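Take these sequences, add in the hints, and give me the full structure.
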Amino acid sequence: DTGVSQDPRHKITKRGQNVTFRCDPISEHNRLYWYRQTLGQGPEFLTYFQNEAQLEKSRLLSDRFSAERPKGSFSTLEIQRTEQGDSAMYLCASSSFGGQGIYEQYFGPGTRLTVT
Amino acid sequence: GEDVEQSLFLSVREGDSSVINCTYTDSSSTYLYWYKQEPGAGLQLLTYIFSNMDMKQDQRLTVLLNKKDKHLSLRIADTQTGDSAIYFCAGSGGYNKLIFGAGTRLAVHP
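Listed in order, the protein sequences are those of chains C and H. Quick note: the first sequence uses the working numbering, first residue 32, plus one each step. Quick note: the second sequence uses the working numbering, first residue 76, plus one each step.
Derived by calculation from the structure, the hints in this document are not laboratory data. Since this is a predicted model, take the numbers as computed values, not measurements. Think of the CB as a built atom: it goes at the ideal place given N, C-alpha and C, for glycine as much as any other residue. Accuracy of the hints is not assured; some may be wrong.
[As the list claims (entries may be wrong)] Some residues of chain H that are not near chain C, with every Cβ distance over 12 Å (derived): (1) Gln134; (2) Asp144; (3) Thr156.
[What the hints assert, rightly or not] With a straight-line cut-off of 25 Å between C-alpha atoms, the simulated SDA-like cross-links for lysine to any residue are: (4) Lys142(H) to Ile133(C); (5) Lys111(H) to Leu181(H); (6) Lys42(C) to Lys142(H); (7) Lys111(H) to Asn127(H); (8) Lys111(H) to Lys45(C); (9) Lys88(C) to Asp101(H); (10) Lys131(H) to Tyr137(C); (11) Lys111(H) to Gln68(C); (12) Lys88(C) to Leu181(H); (13) Lys145(H) to Leu85(H); (14) Lys143(H) to Gly117(H); (15) Lys145(H) to Thr156(H); (16) Lys111(H) to Glu135(C); (17) Lys111(H) to Lys142(H); (18) Lys142(H) to Gln155(H); (19) Lys111(H) to Gln72(C); (20) Lys88(C) to Pro140(C); (21) Lys88(C) to Gly117(H); (22) Lys88(C) to Ser103(H); (23) Lys45(C) to Thr145(C).
[Claimed, not checked] To give an idea of the chain H side of the interface with chain C (calculated C-beta under 8 Å), a few residues: (24) Gly169; (25) Gly176; (26) Ala182; (27) Pro185.
Right, here's the structure in full:
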């Protein structure tokens with residue numbers, strides 16, 4: 032399977048604990064995005080990497096959140112001191128320049144976080 | 076910034092056409108997209124339209140763009156039960172990040 036993969040698919044944690052999610056993009060894609068989707072809403076942008084450089088962070092990404100893409104391949108998203116409001120689906124997408132002139136984003140299946 | 080709004084629910088009979096509507100506020104999106112999300116599955120890009128186009132047809136899908144009214148629609152011809160899903164329209168911002176609406180849940184009944 033050469034699609035975007037995310038691990039774990041589900042995570043249940045207690046409030047105050049730290050969690051880390053991993054995203055493996057499609058191998059030749061240099062752009063990587065993280066989004067968060069809460070129930071009944073569309074995904075909201077969190078952060079963007081071009082290769083290993085984190086070029087944009089949403090104001091939704093409080094100082095408890097940190098993301099890395101150390102070698103321009105896989106990425107991790109860490110949430111420290113989790114709160115119940117962090118419960119959501121965390122989606123990763125990767126893209127590269129497409130033949131039709133667009134950067135089509137391919138999404139992974141997501142990591143569903145439940146904070147109890 | 077961009078704001079994207081959609082109606083939340085649409086119910087159609089199998090075989091009929093479905094029309095899902097979307098309005099957006101920021102006209103600077105170069106492309107506008109339609110994504111499909113099925114339960115337990117990731118987001119799938121259905122189609123997109125370049126902002127200087129009025130219409131794009133792709134098999135059963137027709138996208139209409141009214142730039143003056145900042146209105147985007149997705150028409151699905153001959154809707155099937157397999158089309159039941161949540162449909163998101165999205166604009167694009169800096170670094171091509173996607174800005175999604177809340178999604179329209181399409182229910183197809185016999």
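Status of each hint after checking the structure:
| no. | hint | verdict |
| --- | --- | --- |
| 1 | Gln134 | 16 Å, holds |
| 2 | Asp144 | 21 Å, holds |
| 3 | Thr156 | 23 Å, holds |
| 4 | Lys142(H) to Ile133(C) | 19 Å, holds |
| 5 | Lys111(H) to Leu181(H) | 10 Å, holds |
| 6 | Lys42(C) to Lys142(H) | 42 Å, violated |
| 7 | Lys111(H) to Asn127(H) | 23 Å, holds |
| 8 | Lys111(H) to Lys45(C) | 32 Å, violated |
| 9 | Lys88(C) to Asp101(H) | 20 Å, holds |
| 10 | Lys131(H) to Tyr137(C) | 21 Å, holds |
| 11 | Lys111(H) to Gln68(C) | 14 Å, holds |
| 12 | Lys88(C) to Leu181(H) | 32 Å, violated |
| 13 | Lys145(H) to Leu85(H) | 21 Å, holds |
| 14 | Lys143(H) to Gly117(H) | 32 Å, violated |
| 15 | Lys145(H) to Thr156(H) | 30 Å, violated |
| 16 | Lys111(H) to Glu135(C) | 14 Å, holds |
| 17 | Lys111(H) to Lys142(H) | 23 Å, holds |
| 18 | Lys142(H) to Gln155(H) | 30 Å, violated |
| 19 | Lys111(H) to Gln72(C) | 13 Å, holds |
| 20 | Lys88(C) to Pro140(C) | 22 Å, holds |
| 21 | Lys88(C) to Gly117(H) | 22 Å, holds |
| 22 | Lys88(C) to Ser103(H) | 20 Å, holds |
| 23 | Lys45(C) to Thr145(C) | 8 Å, holds |
| 24 | Gly169 | 7 Å, holds |
| 25 | Gly176 | 5 Å, holds |
| 26 | Ala182 | 15 Å, violated |
| 27 | Pro185 | 26 Å, violated |
Checked against the numbered hints listed earlier, the structure breaks hints 6, 8, 12, 14, 15, 18, 26, 27; every other hint is satisfied.
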